[in-house]
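So the protein lines, in turn, are chains C and G. The working numbering puts the first residue of the first sequence at 4, with every later residue one more than the last. The working numbering puts the first residue of the second sequence at 2, with every later residue one more than the last.
There may be inaccurate statements among the hints.
To be verified - Here are the simulated SDA-like pairs of lysine to any residue, each with C-alpha atoms no more than 20 angstroms apart in a straight line:
no., chain 1, residue 1, chain 2, residue 2
1, C, K83, C, Q11
2, G, K153, C, G40
3, G, K63, C, V75
4, C, K85, C, L43
5, C, K83, C, L47
6, G, K153, C, S33
7, G, K65, G, V10
8, G, K153, C, T8
9, G, K153, C, D30
10, G, K153, C, L15
11, C, K83, G, A60
12, G, K153, G, L83
13, G, K153, G, E75
14, G, K153, C, I72
15, G, K65, G, R152
16, G, K153, G, T35
17, G, K153, C, K85
As the list claims (entries may be wrong) - Ranges of calculated distance between the beta carbons of each label pair, as one might list FRET restraints:
no., chain 1, residue 1, chain 2, residue 2, range
18, C, E84, G, F95, 46 to 52 angstroms
19, C, R81, G, A116, 33 to 39 angstroms
20, C, D30, G, E154, 31 to 37 angstroms
21, C, L32, G, L66, 41 to 47 angstroms
Because the hints were derived from the structure by calculation, they are not lab data. Here the structure is a predicted model, which is why all the values come from computation and not from measurement. Virtual Cβ for every residue (Gly too), placed ideally from N, Cα, C.
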Amino acid sequence: MIAETIIQVVTLLLIVLGGALAVWFKDLLSSIIALAGASLLVALEFYILQAPDVAIAEAGIGAALTMAIYVVALRRTRRKEKE
Amino acid sequence: MNNQMSVIVRTITRITYGLTIVFGFYVIMHGHLTPGGGFQGGAVVASAFALLLVAFGTAGLKGKLNHHLLQTLEEVGALAFLGLAFAGIGTAFFANLLANSGAVFGGAVPAGPNAGVLNSGGTLPFMNWAVGLKVMTGIASILIAMLIGLRKEAAE
């Protein structure tokens, strides 16, 4: 029970860290990868909370497809954020 | 126009896309037994397709697999789902005609705790396949439409 709580707290802190990194990075490709990492950790949190159905959907849509669409959109825009 | 990505991305894509597609079809096939179903499995298959499109670009499609064909397949999936729902209209909308009938997916489930019988569920597995077809072709057509628009814009 204690171990499960520690895993959940660490996962939630890493999700917040991933979201903060996605805002903080000036290189937008790094931002996309940080956002996908946060999404993958959300999927892990769903799995820990015993919702494997939602976890599969989150890993497929949130991590893979959103990242692919952002990478496609990034090719027609600037790679770096303006200072 | 060379719109491929680096050799690292292409090598990893060659290794993983087959496994991803097989796992997606497994999730659709076992939709009535295990977590997941048509939507989740279709999204997993479409993510393998997105990986291929982002890594290798649209040059490999050669215009044969365009988004018009994929939209047609998507509508086939939607109509198959509605047709299966209307097949039981004699009893009720979404009535399960094929359950326990002895046909395909019509096997009986033994009473008590068991590991799950794949040959059961009636019309539910067919509906999972219809939803899976709709989701995977729908998301793939979105990606192809975006990438083809990108290529036309770059050519101008």
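Quick rundown of the hints versus the structure:
For the hint linking K83/C to Q11/C, the alpha-carbon distance of about 34 angstroms lies beyond 20 angstroms, and the restraint is violated. A hinted pair counts as satisfied when its Cα atoms are at most 20 angstroms apart, and K153/G with G40/C does not qualify at roughly 32 angstroms. At most 20 angstroms may separate the alpha-carbon atoms for a hinted pair to count; K63/G and V75/C meet this at roughly 19 angstroms. Under the criterion of a C-alpha separation no larger than 20 angstroms, the hint pairing K85/C with L43/C is inconsistent with the structure, at around 28 angstroms.
At most 20 angstroms may separate the alpha-carbon atoms for a hinted pair to count; K83/C and L47/C exceed this at roughly 30 angstroms. About 27 angstroms separates the Cα atoms of K153/G and S33/C, which puts this hinted pair outside 20 angstroms; it is violated. With a CA separation close to 24 angstroms, the supplied pair K65/G and V10/G exceeds the 20 angstroms bound. Simply put, K153/G and T8/C have alpha-carbon atoms about 52 angstroms apart, too far for the 20 angstroms limit, and the pair is violated.
For the proposed pair K153/G and D30/C, the alpha carbon gap of about 26 angstroms is over 20 angstroms, so the pair is violated. Among the hinted pairs, K153/G with L15/C is inconsistent with the structure: their alpha-carbon atoms are about 42 angstroms apart, more than 20 angstroms. With a CA separation close to 27 angstroms, the supplied pair K83/C and A60/G exceeds the 20 angstroms bound. A C-alpha spacing of about 36 angstroms is found between K153/G and L83/G, which places the hinted pair above 20 angstroms, so the restraint is violated.
Taken as a hint, the K153/G and E75/G pair is broken in the structure, with Cα atoms around 24 angstroms apart against an allowance of 20 angstroms. Distance check on the hinted pair: K153/G and I72/C sit about 17 angstroms apart at the alpha-carbon level, within 20 angstroms; holds. With a C-alpha separation of about 16 angstroms, the suggested pairing of K65/G with R152/G holds against the 20 angstroms cut-off. With a C-alpha separation of about 43 angstroms, the suggested pair K153/G and T35/G falls outside the 20 angstroms cut-off, and the hint is violated.
Proposed proximity of K153/G and K85/C is contradicted: the alpha carbons are some 27 angstroms apart, above 20 angstroms. Between E84/C and F95/G the beta carbons are some 50 angstroms apart, a value that agrees with the proposed interval 46 to 52 angstroms. Restraint check, R81/C to A116/G: a C-beta distance of roughly 54 angstroms breaks the suggested window 33 to 39 angstroms. Take D30/C and E154/G: their Cβ atoms lie about 23 angstroms apart, and the range 31 to 37 angstroms is violated.
Under the hint 41 to 47 angstroms, the C-beta atoms of L32/C and L66/G, about 27 angstroms apart, miss the expected range.
Consistency note: the structure conflicts with the earlier hints numbered 1, 2, 4, 5, 6, 7, 8, 9, 10, 11, 12, 13, 16, 17, 19, 20 and 21.
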